[in-house]
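J.: If you read the sequences in order, they're chains A and B.
Position one of the first sequence corresponds to residue 1 (the numbering used here), numbered consecutively onward.
Position one of the second sequence corresponds to residue 1001 (the numbering used here), numbered consecutively onward.
Worth flagging that the hints you see were computed from the coordinates, not collected in a lab.
Glycine included, every Cβ here is placed at the ideal spot set by N, Cα and C.
Errors might be hidden in some of the hints.
Distance windows between CB atoms, simulated [stated by the list, open to error]: (1) B:P1289 / A:V53: 47 to 57 Å; (2) B:A1200 / A:V53: 33 to 43 Å; (3) B:Y1005 / A:R55: 27 to 37 Å; (4) B:A1141 / A:E90: 13 to 23 Å.
Now for the letters of each chain:
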Amino acid sequence: MEILWRRGESNVHDVVAELDRPLAYTTVMTTLDRLYKKELLDRRKHERAFQYVPRLSRAEWEHKRAGDFVAGFLSQPQSSRDLLVSCLVEAVGRHDETLLDDLEKKIRNKRRELQKGAP
Amino acid sequence: MTVPYLLRLICLCLAAFFLIHLAAGLGVARLAPSAVRLALRMRASRASTFLLLLRLLPPAFALVVVAGFCAPSYLWLEPPATSEEVGWGCLAAAAFGAVVSAAALIGAVRALWSLRQWRGNAREVSIGGGYGPIFIVGGSAPFLALAGVVRPRLVATRCVMDTLTSEELLAAIRHERAHQASRDNLKRLLLLLAPDLLPAWPGLLAIEHAWARFAEWAADDRAAAGDPHYSVSLAAALVRFARMGNAPVSSPLVTSLLADTCDLSQRVDRLLECRPRPDAGGWFAVAWPFCTSLAVIGVAYLIRQPAALYWVHETLERLVH
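So that you can see chain A by itself, here it is in the shape it has in the complex:
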């Protein structure tokens, strides 16, 4: 998926050439075919070879993945749901605290800068 998002429409050869580690042509072909069957890729025939293209952008894919993850938790018993919500609230709280710390640091730096510049 990473290669297809980066390159756009590509055939199996293109994907094999872009891989970090060597993989057999047939392995890549089977993988792309499975991704197509899972409706993550679209394909069209071009000169006896399939050209593959992602059906979702990276942002849409990540949104879907997060949605599926949350939906999976919410479909479980009450305790799992509560756990998910408390983890999310904690994570957002931690993120907010870090953001506020960063902003305060910027304000302190600016104050110092202004004091230095003052006659």
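Once you have looked at the hints, place chain B on chain A.
T.: This is chain B only, laid out in the frame that chain A set:
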């Protein structure tokens, strides 16, 4: 369905308002992303005016067409004391028009009614320096806001007064007074009175959110007045306020110091930059009074043309049937 003369007029006006408002609103909704990008290149106060006018354009246009053309052409050309068949399409459009208009009106009345809570049980404290009084209300949640439309009050909870330093408090008050000078709560009331495009489908919400963001930025700029010390104090006030926790949900006619924490980082960065921004909106300051004058002259001219009213009447006849 056979409908008498006066009821038909009301039905036609509502249907025409709904259809014109929907068409104009869809056009504006389509232009919204480009308009917001354009607004980003303007000074914040000018950008907020631009977006407010764009949001109010569909209802204002629909109102002018209905009041200036539809109603006069009907009263002038439709034989009185007659009953006529009205098609279901027209009735449905009129019903939608009635629902969106009533929903807007009810929302505005409820928002005005909810302002009552800020009137009583408040202790007036004078802060001097020409900033007017602050009304201290009970409650442990952090709250500093401008409440009201005609004579807005600066309202705060005790914990805000105790936690912010004197410079931060002064900067926060300057920010709220900047909202008062721009009559932002009156603009909020106008936005509440502007109906949605369809019942329960606020198609122009993106413009309203963008307006709210630019109105905050404009108040920040006005409060800072180009002085870096004021800017830094206001930025510090915002961060300290955010640390105190989220402000309680209040009336749409209350402008809080930090209504939206998602915008906090951007507001602080803008304040700390402390430099004049390039303004690509000079054309707008000239264009909008010119276009408004041109539209007023055009409407005044067309209303006096019998041919225009005949054409409107024929269109209304098609709409009725």
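J.: Take the hints in turn and mark each one as holding or not.
T.: Right, here's what the structure says about each hint:
1. Between P1289 (chain B) and V53 (chain A) the beta carbon distance is about 50 Å. The supplied range of 47 to 57 Å therefore holds.
2. Hint check: A1200 (chain B) to V53 (chain A), Cβ distance near 37 Å, so the stated range 33 to 43 Å holds.
3. One distance hint, 27 to 37 Å for the beta-carbon pair Y1005 (chain B) and R55 (chain A), is violated here, with the actual separation near 58 Å.
4. For the pair A1141 (chain B) and E90 (chain A), the beta carbons lie near 22 Å from each other, so the given range of 13 to 23 Å is met.
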